[in-house]
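Student: In case you want the letters, here they are:
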Amino acid sequence: MNPAPLVALVGNPNAGKSALFNALTGARQKVGNYPGVTVERHAGRMALPDGRPVELLDLPGTYSLEPSSPDERVTRDVVTGTQAGERLPDAIVVVVDASNLDNHLRFTLQLIALGLPVVVALNMIDLAERDGLKLDPEALARELGVPVIPTVAVRKRGIDELKEALADLATPGATALRPSDPVLHADIATLQRRARQIAMAATISETPVRRWTHMLDSVALHPVFGVLLLFVVLFVMFQAVFFAGAAPADAIASGFDWLAGLVKQVMPESILRSLITDGAIAGVGAVIKFLPQILIMFFFILVLEASGYMVRAAFLMDRIMASVGLSGRAFIPLLSSFACAVPGIMSTRTIEDEKDRLTTILIAPLMTCSARLPVYTLVIGAMIPNVRVLPFVGLQGLVMLGLYIMGVAGAFVVALVLRRTVTKGASSGFMMEMPKYQLPSVRDLAIGLWSRAEIFLKRAGTTIAFTTIVLWAMLSFPQVPKGSPVSQVNYSVAGRIANAIEPAFRPIGFNRDIVLALIPAMAAREVSVAALGTVYAIDSSSDDESKMAQTLQKRWSLATALAFLMWFVFAPQCISTIAVTRRETNGWKWPAFMVSYLFGLAYVAAGLTYWLATLAGL
Amino acid sequence: MATTPLSLEQLPQRQRATVAGIAWDRLTAPEGRRLRELGFDEGVGIEVLHRARIGGGPIACRIGRMTVALRRRVAGAIHVDPLTS
Chain A
1 MNPAPLVALV GNPNAGKSAL FNALTGARQK VGNYPGVTVE RHAGRMALPD GRPVELLDLP
61 GTYSLEPSSP DERVTRDVVT GTQAGERLPD AIVVVVDASN LDNHLRFTLQ LIALGLPVVV
121 ALNMIDLAER DGLKLDPEAL ARELGVPVIP TVAVRKRGID ELKEALADLA TPGATALRPS
181 DPVLHADIAT LQRRARQIAM AATISETPVR RWTHMLDSVA LHPVFGVLLL FVVLFVMFQA
241 VFFAGAAPAD AIASGFDWLA GLVKQVMPES ILRSLITDGA IAGVGAVIKF LPQILIMFFF
301 ILVLEASGYM VRAAFLMDRI MASVGLSGRA FIPLLSSFAC AVPGIMSTRT IEDEKDRLTT
361 ILIAPLMTCS ARLPVYTLVI GAMIPNVRVL PFVGLQGLVM LGLYIMGVAG AFVVALVLRR
421 TVTKGASSGF MMEMPKYQLP SVRDLAIGLW SRAEIFLKRA GTTIAFTTIV LWAMLSFPQV
481 PKGSPVSQVN YSVAGRIANA IEPAFRPIGF NRDIVLALIP AMAAREVSVA ALGTVYAIDS
541 SSDDESKMAQ TLQKRWSLAT ALAFLMWFVF APQCISTIAV TRRETNGWKW PAFMVSYLFG
601 LAYVAAGLTY WLATLAGL
Chain B
1 MATTPLSLEQ LPQRQRATVA GIAWDRLTAP EGRRLRELGF DEGVGIEVLH RARIGGGPIA
61 CRIGRMTVAL RRRVAGAIHV DPLTS
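Chains as they are written, first to last, in the numbering used here: chain A, 1 to 618; chain B, 1 to 85.
Hints are supplied without guarantee of correctness; some may be wrong.
[Stated by the list, open to error] For each label pair, taking beta carbons as the anchor points, the in silico distance ranges come out as:
1) A:H222 - B:G76: 43 to 53 Å
2) B:S7 - A:G51: 54 to 64 Å
3) A:K458 - B:Q13: 48 to 58 Å
4) A:L390 - B:S7: 48 to 58 Å
5) B:Q13 - A:P385: 32 to 42 Å
6) B:G56 - A:L259: 51 to 61 Å
7) B:P5 - A:W450: 48 to 58 Å
8) B:S7 - A:K458: 44 to 54 Å
9) B:G76 - A:A240: 40 to 50 Å
10) A:I501 - B:D25: 56 to 66 Å
[What the hints assert, rightly or not] Chain B stretches covered by chain A per the calculated footprint, using a threshold of three residues with CB under 8 Å from any CB of chain A:
11) 25 to 39
12) 67 to 74
[Stated by the list, open to error] Beyond 10 Å from chain B on every Cβ pair, some chain A residues (computed):
13) D77
14) F430
15) K458
Hints listed in this document are in silico derivations from the structure and should not be mistaken for laboratory results.
From the three backbone atoms N, C-alpha and C, an ideal C-beta is built for every residue, glycine too.
Looking at chain A on its own, in the form it has when it is part of the complex (with noise of 0.2 Å):
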């Protein structure tokens, strides 16, 4: 039997077409990688109105078939037969913005050229039609000499039409039309004039009216107004992801106790028990429950962008992000870190420039992710006193909010080196197309939430879930023999490496403990508050946090206490972020040089802070 016909979705960025695939699959659509490349694969079922299936493939965004990233050449190797892993495609489906048809058409004559069967979906027809501009389809498809619907993707308008259209082409064999020598180097200046020609017999009249888009940038992109505006957006995004997502974390986590605990009743006492609710439902509940504030932070992303305010903001940040070496695209990515590098350093796909990408991937990890926020509560809880400097200002918030700018501060300063040494090249420039301000669909929202949870879910399922079980026999093996004064703790592996590395970290003002806990933190950095607790044979887990703060109290200086803090502001103490700089890197070069430098950072400014705070007497 024949597979099914493929269909590849194609267009300019900003021409709707990842709601056209929404709509075209609905919910029944995979989310993978391509081989060897860090470009995602979105791909899905749909049925042709004769009920015939039809694999449907969402490419890319891109401005020709001249790639200046890997996303770009993605789509450039599909629709030329050349993608590894990928057949080449039984038609196109080429998505143009109906209100900008003099840019998106010359891409669509380079894809006609191709020789491919093509339909041209004339997307987002409505916006066009909202700001005064009235269309002809079907002198649009006399002159491209392909078949034209008018479609409105968020509205699901259009779809039945594109579908039947898609029936008459999509029929396997039509690869026969493809030419030996595709017109992939026209000129493009040619190209354009040709778009343009084209798009003004296409147009039946235009009126000048007053576009939403431009009134509203005139305070989005305000130098005063524009900036406050951003500031505002940042505040309620920070308070939503730290104060609404700390509940279902919560019950995340106690979810994962009950289970633990059901496990350890109907089990008798054994290592393997222990594998199961020390190592894997421990390990693996310690990043669940950062879900929910993870798909807070993505909703606003996932809105952010959606609507087209995400390019005003990075448009409003470049100034800052220049004076380091960076564009304003990597305000996107490093925004995104602040709830979590892993989907930070996934979001940097979108810068072209290999060195400005590199660079803002080396310094996500600065950015003070929400794991680090219950280390930093329970320290700043126990050592820091709670009194006032300041009417309404108390200090251990201040020395909360010290951390957070330590940790952007501190990625400039990492950047500007950098982008002078290790990744020393011109930079890239900014130039980005600012879309129309849009409404977001509520099901283009949900469908990008949930492949969002799908692999971050999957990611904790099988990488961290092993790395977990590694640590855990680490801590586990070998056993204490019967009888014995010393602690498992002690007689471990862990044990063992942390009594030989002790040495190194006495100078920064660490102990013995502290060192301890630091190894299975490796994992994650959350995994050492957890990990205290063990060591000094407190159930931390319980509510007994007050008793633990009481611990170390008597048990660390202050000096030792904030040298912690400093530790922790740069320490790449996440496995999940090690993982996927190499994935995204493709190599452990990068990974490697990533982990030595933080850690060099660390132990610096944690030894900087013992030493200065030891003077002064604290």
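Using the hints, position chain B against chain A.
Tutor: Using the frame of chain A, we list chain B on its own:
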């Protein structure tokens, strides 16, 4: 025709103009290509919509029917003819 060539960087905000020419030699190859892809070409209508800050931030301009953000250095390489109204 304007006697002295005016660049997009110097074009007053909201003053309609057309692209008179682009100094491709002052741009890197990827910059030039991206400019062409975004529709920058002789004779196309252009207008400065917003300037980020006095400190030399990017500018937002309308080119054809599209709004594009670019840095001042690139804007300086785009020569424009203001339309007299």
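Student: Each hint needs a verdict: does it hold in this structure or not?
Tutor: Status of each hint after checking the structure:
A hinted range of 43 to 53 Å for the beta carbons of H222 of chain A and G76 of chain B is inconsistent with their spacing of about 23 Å. For the pair S7 of chain B and G51 of chain A, the beta carbons lie near 59 Å from each other, so the given range of 54 to 64 Å is met. At roughly 49 Å, the beta-carbon separation of K458 of chain A and Q13 of chain B lies within the given 48 to 58 Å, and the hint holds. In this structure, L390 of chain A and S7 of chain B meet the distance hint of 48 to 58 Å, their C-beta atoms being roughly 49 Å apart.
As the Cβ distance of Q13 of chain B to P385 of chain A is approximately 53 Å, the hint placing it in 32 to 42 Å is violated. The hinted window of 51 to 61 Å between G56 of chain B and L259 of chain A holds, with their beta carbons roughly 56 Å apart. A hinted range of 48 to 58 Å for the beta carbons of P5 of chain B and W450 of chain A is consistent with their spacing of about 53 Å. Under the hint 44 to 54 Å, the C-beta atoms of S7 of chain B and K458 of chain A, about 51 Å apart, fit the expected range.
Distance hint check: the CB atoms of G76 of chain B and A240 of chain A are about 41 Å apart, consistent with the given range 40 to 50 Å. The hinted window of 56 to 66 Å between I501 of chain A and D25 of chain B holds, with their beta carbons roughly 57 Å apart. Check on the stretch 25 to 39 of chain B: 10 of its residues sit with their Cβ under 8 Å from a Cβ of chain A, so the three-residue criterion for coverage holds. Coverage of the stretch 67 to 74 of chain B by chain A holds in this model, with 7 residues showing a Cβ closer than 8 Å to a Cβ of that chain against a need of three.
In this structure D77 of chain A is separated from chain B by more than 10 Å, as the shortest Cβ-Cβ distance comes to about 18 Å. Its closest Cβ contact with chain B, about 5 Å, brings F430 of chain A to no more than 10 Å, contrary to its assignment away from the interface. Its beta-carbon lying about 35 Å from the closest one in chain B, K458 of chain A satisfies the requirement of being farther than 10 Å from that chain.
Checked against the numbered hints above, the structure breaks hints 1, 5 and 14 and satisfies the rest.
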